Amino acid sequence: MIWSLFAVLSLVATILMGMPLLRRRQEVLASSNATPAVLLDQLDELNRDLDRGVISAAEAQAAEQELKQRILSEARKPESSKVRSVEDGRVALLLSAILVPVLALSYYAFNGSPEVSGIAFAKRTAERQEAAKIADLTDELSEKLASDPQGGPSEGWMLLGQTYSRMGRFVDAANAFNTVAKRPEANSAVFSMMAEALINEEQGVVTPRAEAAIDSAINLDPANPAAIFYKATALSQRGELRKAHDLLVARLDNADGFHPWMQSFLAEANRIGVEIGKAPLSMASFAPMPTDLGPTGEDIANAQDMTEEDRQAFIRSMVDRLATRLEDEPNDLDGWMRLGNAFSVLGDTSSAVNAFERAETLLLNVPESDQRRSVVANALSGLR
Amino acid sequence: MTPEVGHFALALALAMALVQSVLPILGATRGNVLWMQSARWSALGQVGFVGIAFAALMQAFVTSDFTVTNVFENSHSLKPMLFKIAGTWGSHEGSLLLWVFILTVFGAAVSVFGSNIPDALKARTLSVQAWISVGFLTFMLFTSNPFDRLYPPPPNGQDLNPLLQDVGLAMHPPLLYFGYVGFSIVFSFAVAALLEGRVDAAWARWVRPWTLAAWMSLTAGIALGSWWAYYELGWGGWWFWDPVENVSFMPWLMGTALLHSAIVTEKRGAFKSWTILLAILTFSLSLLGTFIVRSGLLTSVHAFAVDPERGLYILGLLALSIGGSLALFSWRAPMMEPGGLFKPVSREAGLLVNNLILATATGVVLFGTLYPLFYEAITGGEKLSVGPPFFNAAFIPMMLPLVFVMGLGPYLSWKRADLAGVLQRLRFVAVLSVLATLAVWYLTQGGPVLGYLAIMIAVWLLLATVREWMMRVRLFEVSFAESTRRVKSLPRAAHGMSLAHAGLAVAMLGFTGSSVWKSEEIVFVTPGEAVTIAGFNVTFEGADRVRGANYFADRANLTVRRDGEILTQLYPERRTYPVAGSNTTESAIRSTLAGDLYASIAEPASKEVGASGAWTLRILYEPLVNFIWIGSAMLVLGGGLSLSDRRLRVGVPRRRIALSLSKVPAE
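Residue numbers (the UniProt record's numbering), protein chains in the order written: chain Y, 1 to 384; chain R, 1 to 667.
Derived from the structure by calculation, the hints contain no laboratory data. Small disclaimer: the values here were computed from a predicted structure and weren't measured. From the three backbone atoms N, C-alpha and C, an ideal C-beta is built for every residue, glycine too. The reader is advised that the hints may include incorrect statements.
From the derived model, a few chain Y residues whose C-beta atoms are all more than 12 angstroms from chain R [to be verified]:
| # | residue |
| --- | --- |
| 1 | S106 |
| 2 | T324 |
| 3 | L326 |
| 4 | D370 |
Looking from chain R toward chain Y, a few residues come up when the C-beta cut is under 10 angstroms (computed) [claimed, not checked]:
| # | residue |
| --- | --- |
| 5 | L34 |
| 6 | D65 |
| 7 | F367 |
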C-alpha cells in the first residue's frame, strides 16, 4: 500500500518535470523588455501630478520629454533572440524527470521507516485501559502493604517496586525496595534493583546512595551481574576506566555459557575499551553465540503487564513458537537448552526432559571442556 | 503510514529543487526554452510535495500520533484542537517545514502569477529560489527531520504549555514567516538581475508586489507578537527590545527601505545597485533571524557550542548565501547603467534620507542584538544584556527626523523640488502640530521633552499625510462629486501610501503615549482597599478560587470608579495548570481609545501584609496604547491597498504599448 502511494507520487513528480515535453505548442515568450510599458504608465502619473499642481507645466513638459526619450531608447534595444531550437535539451530534461524519483527513493531507502505505521491516540484506548488498570492495581497494592500491621510481605514490596520501576516512578520504586532492604531476608537482588531505580531516577548518574546499595548487593552475591554492571558504571563515571573495564571482563570470564546480560557487559566493556585503547572483545571469547535471542524486549514488557493466567498463556505461546522453530532447526543446541528450561519453569517435566535429551545428543559433538555438558547433565538429573 | 508519505514527499521536493537549481538557469544562459520552462513545473511540484508533507505532519498532530517523535515532544492528547494544529509549526522541525512550505509557495506564485516576467529572468529567479530550497530542505532532512519515528509510541505527549496556548501566538509564526520568507523571492530576483546584468524600471515593478506582500505579513506578524506580549505576559509592555523581537524588526526596517528604494528605481532608474543591495540585505537579515532563533544561540552561546551540528549547518548556509550574493553584487553591480540625476531637494533625495536612516537604524539594532552574543563568546561565558535604555537612546532620536521627512516626502517632486513652495503648503500643518503638542502639554502637565517632540512629529506626519491626500483629490477645492471621481481614479497605490503613512503616525502616538505617560502601581491590597491611578479609583473587593476547563484560578474582583461613579468591574486571574505544573497571568483590561486600564494579580501577600486575603496587585494605565494596534492595522491595510493596484498585478497590456508607442513622436 505504502509503496504504491510512493509510486504514484514518484509518477506525478516525473510527469511534472516532463511537462514542457508534453506540451505541443510552446508558449510565446513574454517580452524580455517590458520597460516601455512601465514608462508609459509613468506618463499617466505625470499628468496626474500636473493635474493636482505638484509640478509646473514646464516641469511636466520636461519630464514628459525625458520619459519619451527613455521609452524610445528602450524600444530600440535589440530583443534578445538567443532562443534555440526546442528540440535541444529534450534528453537532458527527460533524464532530470527520471532523476527526481530516483534521488528521492535512494534518500528514502536509507532514512525512511516504511515499517512503522502511524497510530492515532484515539485508537489506543485498549492500551490506555490496560495502563490505567495497572496503575489502579498498583495503588491498591501499595495501600494494602502500607496498612499491613506486620509491614507487608517482602514479595509484595518487591512486586510493587518492580511495577513502579516499569511505570517510570523510580523514587516510589526505590522506596519500595528499600523497605525490603532493611529486613534480614534481603538478598543481593533487592539491593541491585534499588540501585537501578536510584540510578534511573538520576538519569543514569550513580549517586553515593546508589553505590552504597550496589556494594551491599555485591557483598551478598559477588557474582550478581546487575550489581557488577552498575559498579563498573560508577567506576567509569569516576574516571577509573581501567578498573571498570577489568571488572566487566572478569565477570564475563566467569560466565557459564551464554546469558542475555552478557551483551550489555560486552558493549559497555568495548565502549570503555575504545577510550583506554583496548582491542574490542567478541562474545565468542566468552560463550558461543546464540542464534535466537528468544523473546524480544517488547514481548517481555507485554508479559509483565499481564494477569497471571494471561502471562502463563503468553509464555506457553512463546515456548510453542520456540519448539516449532527447533523442529525446523534440530541442531540448535542452545535452543533446546532454553526450551528445556522453559518447560521446567512451566512445570511440564516430561517435555523438559525431552528437550534436554535432544540437547544431550547434540552435546556429543562438542568438546569435553564445554560447560554446557555439565549444565544439561545437572538439569536432567534434577528433573528425573 | 501518513508520516512516511510526508517524509517521502519531502524527499521528492528536495530532488525537484535540486533539478530546479540547475536546469532553468542553464536554460536561461543557453537560450533553451524547454529548460527554462521546467522551472514552472518543478516550482509547482515543490509546493505540492512540501504541502503534502506539511499536511501529513498536521494530521499527525491533529490525531496525536505519538509514533512521530516531533508530535510526542511538542503535543499532548489533551491540548485543545486549535493548539494541536498550531503545534505543527510550534517546534523547531515543524517551523522549518513551515518555512520551506512558504518558500515554495512564493516560488510557485512567481511561476503562476509572473506571466508578465520575461522567461529568462523568471527562470533565473526560480533557480536562485531553488538554491535556498535545497539549503533548507537538506538542513531539515539531515539535521532536523520532522518525520523521525518513535516505536512503540509513548503513552502521551510531553507538551502542554499553557502560556503558549494563545490564539495570537498560534498565528504569530506563520505571519512572521510569510514576511521573512517572502523576502526570499525579492532576494532571488536581485541575484537573478545581477546574473543577467540588467536592472530597469520593469524589474523594479516586478519586485514591488513581492516586497509589499512580504512587508505586510511581517508588519502584521510583528504587531501580533507585540499584542500577544501585551495581553498575555501580564507586564503591560508591548515591546521589550528582546533579541527575538529584534531579529524580526531588522528585516522590517530594511524591507521598508527596500520598498521605497524600489520606487526610485522604477520611476527614475536611479538607486539600482542600492535597491539590489537592500534586497540582498533584507533577506540576509531574515536568514540571520532564523539562524539566531533556531540555533539556540539566544539561550546561550555555550548551549550552541555543546550541540553545534544544527547551528553550524545553518551558519554555513548563512555564510554561503550572504557571502555569495554580496560577492556577486560587488562583481556585477558596477556594471549597472547609472540612473537619472537629481537635486538635493527632490523626492529622490527624500527617499535617500529615508533609506540612509532606516539602514543606520537597522545597524543599531543589529549591533545591540549581536553585541551580547559576541561578548559572551569572547569572554567565555560572561553574560551581558543590552536592554531598552540602549535602544531608546540610540534608535528613537534617529526615528524623529525620519518621520519628519516622511511628512515632507510626498510633496516633493522628482528630480528637483521647490522646497519653499512645499513649506508654504505645509505651514498650517506645522502650526496645527505645535498647537496639538501644547494641548497635550496642558493635559499631561509634565513629561520629557522627547515625549512632546515625538507627539509633535507624529501629529505633523498625520496632518501632512491627510493634507496631501486632500490635495490629490482636491477635497473642498472642487465639487464633492468631482472629488469622489478623483478618489476613484487615483491609483490604489497612492491611497495605500497615504493610509500607511497615517498608520505610522497613529502608531507613533500610541508608542509615545503608552511609554512616556504610563502610570503603574504595584501594591499589596486587602479586601476593601482602593488604589488611585490616573484619575481612576480601583477597589479590591476580594479574590475567589474559580475552576476552568483544565486549570483553576485565583480571581480578583476589582471595582473601577471615576469621580465616584462605577465604570466597570475587572476580574484579573492567576491561573494554575496542574497537568503542566505552571502558572499564567490573565490580565483584565478596560480598553478605551484614550487608554487602557490594565490590572493583573500576582502572588498572595498575606504574609507581607499580615492580614488574610491580601494580594499583590498590579495596576497600569497606558494612554493611547490601542493606537499602536490601530496604526499597525492601517500600515497593513495600506500595504494591501497598494498591492491590489492593478498596475502591480497585471502589468500593462501589450497591445496598449504598441498603440501608445506609435503616438510617441520620433526624435
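Okay, the hints, checked on the actual structure:
no., hint, in the structure
1, S106, "violated (9 angstroms)"
2, T324, "holds (26 angstroms)"
3, L326, "holds (29 angstroms)"
4, D370, "holds (38 angstroms)"
5, L34, "holds (5 angstroms)"
6, D65, "holds (5 angstroms)"
7, F367, "violated (38 angstroms)"
Taken one by one, the earlier hints fail for this structure at numbers 1, 7, listed in ascending order.
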